[in-house]
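From just these sequences and the hints, can you work out the full model?
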Amino acid sequence: MRARLAVSTAIMAVAAASTYVVAQAAQPKERVIKVVASRFKYTPGTLKVKKGQPVVFELTTADVPMGFNLPDFNARGDILPGKVTRLRVVPDKSGTFVVLCDIFCGSGHEEMNGKLVVVD
Amino acid sequence: MANKFSRRQFLKLTGMGGVGVVVGSALPGVVLADAGDDFYFVQLSDTHWGFEGAPNPDAKGTLKKAVAAVNALEQQPDFIVFTGDLTHTTDNPVERRRRMAEFKQIVSELKVKTVRFMPGEHDASLDQGKAYKEFFGPTNYTFDHKGVHFIALDNVSDARAMIGDEQLAWLAADLKQQKVDAPIVVLTHRPLFDLAPQWDWATRDGAKAMELLMPYQNVTVFYGHIHQEHHHKTGHIEHHAAKGLMFPLPAPGSQPNRAPLPWDPAHPYKGLGFRSVDADVDERKYEINEFPVVKA
Numbered sequence: 001m002r003a004r005l006a007v008s009t010a011i012m013a014v015a016a017a018s019t020y021v022v023a024q025a026a027q028p029k030e031r032v033i034k035v036v037a038s039r040f041k042y043t044p045g046t047l048k049v050k051k052g053q054p055v056v057f058e059l060t061t062a063d064v065p066m067g068f069n070l071p072d073f074n075a076r077g078d079i080l081p082g083k084v085t086r087l088r089v090v091p092d093k094s095g096t097f098v099v100l101c102d103i104f105c106g107s108g109h110e111e112m113n114g115k116l117v118v119v120d
Numbered sequence: 121m122a123n124k125f126s127r128r129q130f131l132k133l134t135g136m137g138g139v140g141v142v143v144g145s146a147l148p149g150v151v152l153a154d155a156g157d158d159f160y161f162v163q164l165s166d167t168h169w170g171f172e173g174a175p176n177p178d179a180k181g182t183l184k185k186a187v188a189a190v191n192a193l194e195q196q197p198d199f200i201v202f203t204g205d206l207t208h209t210t211d212n213p214v215e216r217r218r219r220m221a222e223f224k225q226i227v228s229e230l231k232v233k234t235v236r237f238m239p240g241e242h243d244a245s246l247d248q249g250k251a252y253k254e255f256f257g258p259t260n261y262t263f264d265h266k267g268v269h270f271i272a273l274d275n276v277s278d279a280r281a282m283i284g285d286e287q288l289a290w291l292a293a294d295l296k297q298q299k300v301d302a303p304i305v306v307l308t309h310r311p312l313f314d315l316a317p318q319w320d321w322a323t324r325d326g327a328k329a330m331e332l333l334m335p336y337q338n339v340t341v342f343y344g345h346i347h348q349e350h351h352h353k354t355g356h357i358e359h360h361a362a363k364g365l366m367f368p369l370p371a372p373g374s375q376p377n378r379a380p381l382p383w384d385p386a387h388p389y390k391g392l393g394f395r396s397v398d399a400d401v402d403e404r405k406y407e408i409n410e411f412p413v414v415k416a
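Going line by line, the protein sequences match chains H and U.
The numbering of the first sequence is our numbering, which starts it at 1 and goes up by one.
The numbering of the second sequence is our numbering, which starts it at 121 and goes up by one.
Derived by calculation from the structure, the hints in this document are not laboratory data.
The structure displayed is predicted, hence computed values, not measured ones.
A portion of the hints provided could be inaccurate.
Estimated spans, in silico, between C-beta atoms of each pair [said to hold, decoys possible]:
#, chain 1, residue 1, chain 2, residue 2, range
1, U, Gly173, H, Ser94, 33 to 39 Å
2, H, Ser107, U, Ala293, 45 to 51 Å
3, U, Lys296, H, Lys115, 55 to 61 Å
4, U, Lys296, H, Glu111, 39 to 45 Å
5, U, Asp264, H, Val56, 47 to 53 Å
6, H, Gly82, U, Lys299, 37 to 43 Å
7, H, Lys83, U, His356, 41 to 47 Å
8, U, Thr234, H, Ser94, 54 to 60 Å
Facing chain H, a subset of chain U residues (Cβ under 7 Å, in silico) [what the hints assert, rightly or not]:
#, residue
9, Glu241
10, Ser245
11, Asp247
12, Ala279
13, Arg280
14, Pro317
15, Gln318
16, Arg378
All residues carry an ideal CB built from backbone N, CA and C; glycine is no exception.
Here it is, written out as structure tokens:
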């Protein structure tokens, strides 16, 4: 009886491990991209990512509080001085999309845009 | 014998309703009648005093011309509202106050002395409204005029384009005192709905304000920010954006960015203007007439 239980436990463990491996295979590796906001630009200004591949934007500001808004992906983050904001996005469509600052930061605020290029 | 007409009937009769109205003409034998509690107010917006650049070669003259045009209206409004961006932004707090003082001096030339001000992000976002309050008072307030309840909402002093929970609670408390069918006008700077999120033409928590307003049957919103006439409905609530008085902006989403439209030497001041809003209090209706800065 004890031996049968041990075998069952082993099978379950293998099954669980298999499930985990399958899940890992289905989920593309997460990519990290650092972005620095400063009045009135993002560096880099163009962010290239792959459709379906999760990306984490590590956002910092060189001066004042800024926003990092991807309205086409319903994702945004506040970037505060001295802190790193991590914003995870899984791009589900390809094309070129706007990145905009949505925290008013001065005379060039309206022109503070970046680009997110999502390729297939 | 003179025929008596209300101001709205007069505007219709003379063809002065709608876009591109000519100010100051009159029909012989026609006089304006007292239309009970009906009234009208004028909305000016986005004067951006202090702006300099190619989109407006007459940056120092346009506001003064607008003041003259309002003063030339045959029948003067009961009051005037400025829906934000009175001044163009500057990092320098001294310069910010200088621009506000100049703006205030120029608009003091308006014949009508009941003038309600509101901040835009250019006035208030860099110092959370500190300088604005010194010159123009509170950034959110209410007032009543001939049976209409006016609510001025501040969605710019928080640089994140948020009304904020505290002000939303204030709004909720104010609305609780109103009847469900009360005529309510909301004045604000940014749109309370997602007009063009790609251009940040929205208020981040605007939906919360709309949720509070939605139970009321007669709510109309007048706002600025987008430098052009625009009309939208959220359920039964109408939103009307006003033209600016420094440079026009492109139609929402019509081009990749929201850069000012170029000055047209053949049609100076094109796209700039102000509006009158005639309130029919009994019918809970508002008639909007657009006026140019200068006569065509």
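Structure-based check of all given hints:
Between U:Gly173 and H:Ser94 the beta carbons are some 37 Å apart, a value that agrees with the proposed interval 33 to 39 Å. The given range of 45 to 51 Å is broken by H:Ser107 and U:Ala293, whose C-beta atoms sit roughly 37 Å from each other. The beta-carbon spacing between U:Lys296 and H:Lys115, approximately 46 Å, falls outside the hinted interval of 55 to 61 Å. At roughly 42 Å, the beta carbons of U:Lys296 and H:Glu111 sit within the given window of 39 to 45 Å.
Separation of U:Asp264 from H:Val56 is about 52 Å and conforms to the stated range, judged on CB atoms against 47 to 53 Å. Separation of H:Gly82 from U:Lys299 is about 50 Å and departs from the stated range, judged on CB atoms against 37 to 43 Å. As the Cβ distance of H:Lys83 to U:His356 is approximately 43 Å, the hint placing it in 41 to 47 Å holds. In this structure the hint that U:Thr234 and H:Ser94 lie 54 to 60 Å apart at CB holds, the actual value being about 55 Å.
The beta carbon of U:Glu241 is positioned within 7 Å of a beta carbon in chain H (closest approach about 4 Å), and the interface hint is therefore held. A least Cβ separation of about 4 Å between U:Ser245 and chain H falls short of the 7 Å threshold, and the interface hint therefore holds. Violation of the interface hint for U:Asp247 is found here, the shortest Cβ-Cβ separation to chain H being roughly 11 Å, above the 7 Å cut-off. Among the interface hints, the one on U:Ala279 holds; its C-beta lies about 4 Å from the nearest C-beta in chain H, closer than the 7 Å criterion.
At its closest, the beta carbon of U:Arg280 sits 5 Å from a beta carbon of chain H; the interface hint therefore holds under the 7 Å criterion. Because the beta carbon of U:Pro317 sits about 4 Å from the nearest beta carbon in chain H, less than 7 Å, this interface hint is met. Satisfaction of the interface hint for U:Gln318 is found here, the shortest Cβ-Cβ separation to chain H being roughly 5 Å, below the 7 Å cut-off. Interface hint status for U:Arg378: upheld, as the beta-carbon distance to the closest one in chain H is roughly 6 Å, under 7 Å.
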